[in-house]
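These protein sequence lines map, in sequence, to chains A and B. Counting with this note's numbering, you get residues 1 to 372 for the letters of the first sequence. Counting with this note's numbering, you get residues 1 to 78 for the letters of the second sequence.
Simulated from the structure, these hints should not be mistaken for lab results. Beta carbons are placed, not taken as given, at the ideal position from N, Cα and C, and that holds for glycine. There could be a bad hint or two in this list.
[Unchecked claim] Covered, in the sense of this in silico footprint (three residues per stretch, anywhere, with C-beta under 8 Å from a C-beta of chain B), are these stretches of chain A: (1) 284–293; (2) 336–343.
[What the hints assert, rightly or not] Away from chain A, derived, C-beta distances all over 12 Å, residues of chain B: (3) Arg8; (4) Ala18; (5) Ala20; (6) Glu56; (7) Glu67; (8) Asp68; (9) Ile71.
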Amino acid sequence: MATTVYLDHASTTPVDAAVIEEMRAALALVGNPSSTHVDGVWAARALELARARVAALLAADPDEVVFTSGGTEANNLALIGACSRGGAPSHLITSAVEHPSVLTACDWLESLGMRVTRLPVDREGFVDPDAVRRALGPDTRLVSIGQANHEVGTIQPVDEIARVCREAGVPFHTDACQSFGRFPVPAGALATVNAHKIYGPKGVGALRVPPGARLAPLLFGGGQERGLRAGTPNLPGIVGFGRAAERIAEEDVNRIRRLRDLLVARVLGGVSGSWLNGSRERRLPGNASLGFEGVSAWDLVRELDRAGIRVSRGSACSSGSTAPSPVLIALGLPAERALGVIRVSLGHGTTQEEIDRAAGAIETAVRKLRQA
Amino acid sequence: MTIESDDRLDLRGVRCPANAARALVRLESLEAGQVLELTLDDGEPAVLVPESLRLEGHEVLLHERHEDRWILLVRARG
């Protein structure tokens with residue numbers, strides 16, 4: 001059986017061998033990291049080492065790192081936590097292209113009486129910082145704009161948006177899951193990160209909570225994680241996250257970008273009626289969001305899967321849906337074109353041979369589907 | 001004799017055992033023989049932290065109460 005080519009790193013990355021090794025050792029730790037005996041100290045040491053490693057990658061103090069069950073929980077904690085501290089219902093600003101864990105949290109807050117502004121984006125997926133400025137009001141409690149889009153890879157001008165928010169005295173949150181370890185997170189921002197996009201385990205993430213940020217917890221209990229996330233922490237997962245945060249610096253983004261550009265050039269040059277979504281210049285190095293006229297992305301993903309090429313439609317969190325991607329619709333794509341888009345995402349294990357094979361398989365699959 | 005510290009860590013307000021854990025993590029980032037000055041809350045931290053550090057082979061050079069806090073000077077193990 002032919003080997004497979006994994007090109008779905010934006011959904012999740014394979015776990016690094018060094019991460020697995022450290023997680024295995026953490027599984028053998030007996031103590032609860034809240035117990036005040038020596039076994040508790042050893043478990044807490046593993047937890048605090050991981051916190052220090054994640055904090056270093058965030059250029060933050062370890063005290064700012066609140067571990068969660070993943071990016072979704074961290075996004076929920078930022079949004080719902082910021083907006084449920086009591087007081088009158090207020091205002092929240094986000095964009096139309098955010099991850100479902102942001103947008104559905106906004107829907108929930110809206111149902112409770114919050115006013116939500118969902119800013120539009122341009123054809124490449126950019127949010128205009130001036131639009132953020134214009135949307136700010138005296139009752140705005142939070143602005144949440146993701147650092148890099150999970151589907152089309154567009155990198156938002158988050159430093160500028162953070163500055164607009166800082167000048168207005170409004171907290172800024174960014175979902176940095178896709179960009180963590182590749183681009184610096186804006187200073188002073190609430191930031192969501194997770195492990196499984198940086199070759200760590202699934203089911204663990206963190207919210208960076210800068211000094212002075214006021215959040216209400218989502219989970220109540222024993223006061224772990226500075227009272228912001230109760231519950232015995234997922235120690236092996238967190239340990240793996242810490243090791244992954246240390247290892248991600250070794251990822252060669254220039255090599256990944258070069259291979260991605262090669263793939264895009266091969267596909268756009270070899271397949272008529274194909275196009276690239278998002279920005280050409282300011283995008284995640286491993287992301288290629290490719291559209292094909294007259295082809296169903298669902299069929300194309302299946303066809304490529306049979307050929308051993310793993311790619312996805314849209315984001316993994318919504319790829320089971322049959323509706324066109326809201327992100328692509330927000331970029332201005334007509335529904336019939338949005339239904340023909342796949343996301344190909346490279347990682348540090350991707351090789352030139354794999355890219356050659358994937359490009360050939362895409363050309364063959366599109367031709368076959370158009371003839372069917 | 002005055003002992004100079006190479007690094008300082010204020011662990012007041014950090015609960016047990018996170019205080020001991022953070023002290024260990026910091027000590028492990030130092031070179032062997034370097035001295036870390038710790039500030040601890042009175043009570044359980046003043047007991048658990050030095051005991052944990054000694055168990056890991058670090059040398060507690062000073063363990064002194066200053067009103068409502070404790071100062072520890074700890075030499076990182078070789």
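Hints, verified against the model:
Coverage of a stretch by a chain is defined here by at least three residues with a beta carbon nearer than 8 Å to that chain's beta carbons; for the region 284–293 of chain A and chain B the count is 0, and the condition is violated. Three residues within the 8 Å Cβ limit are the bar, and the region 336–343 of chain A against chain B gives 0, so the coverage statement is violated. Every CB of chain A lies more than 12 Å from the CB of B/Arg8, the least distance being 14 Å, so the non-interface label holds. Under the 12 Å C-beta cut-off, the non-interface status given to B/Ala18 relative to chain A is violated; the minimum distance is some 5 Å.
The beta carbon of B/Ala20 sits about 5 Å from the closest Cβ of chain A, which is not more than 12 Å, so the claim that it is off the interface is violated. Not every CB of chain A lies more than 12 Å from the CB of B/Glu56, the least distance being 9 Å, so the non-interface label is violated. For B/Glu67, the condition that its CB be more than 12 Å from all CB atoms of chain A holds, with the nearest at approximately 24 Å. Non-interface status of B/Asp68 relative to chain A is upheld: no Cβ of that chain comes within 12 Å, the nearest being about 20 Å off.
For B/Ile71, the shortest C-beta to C-beta distance to chain A comes to about 20 Å, beyond the 12 Å cut-off, and the non-interface label holds.
Hint violations for this structure: numbers 1, 2, 4, 5 and 6, all remaining hints satisfied.
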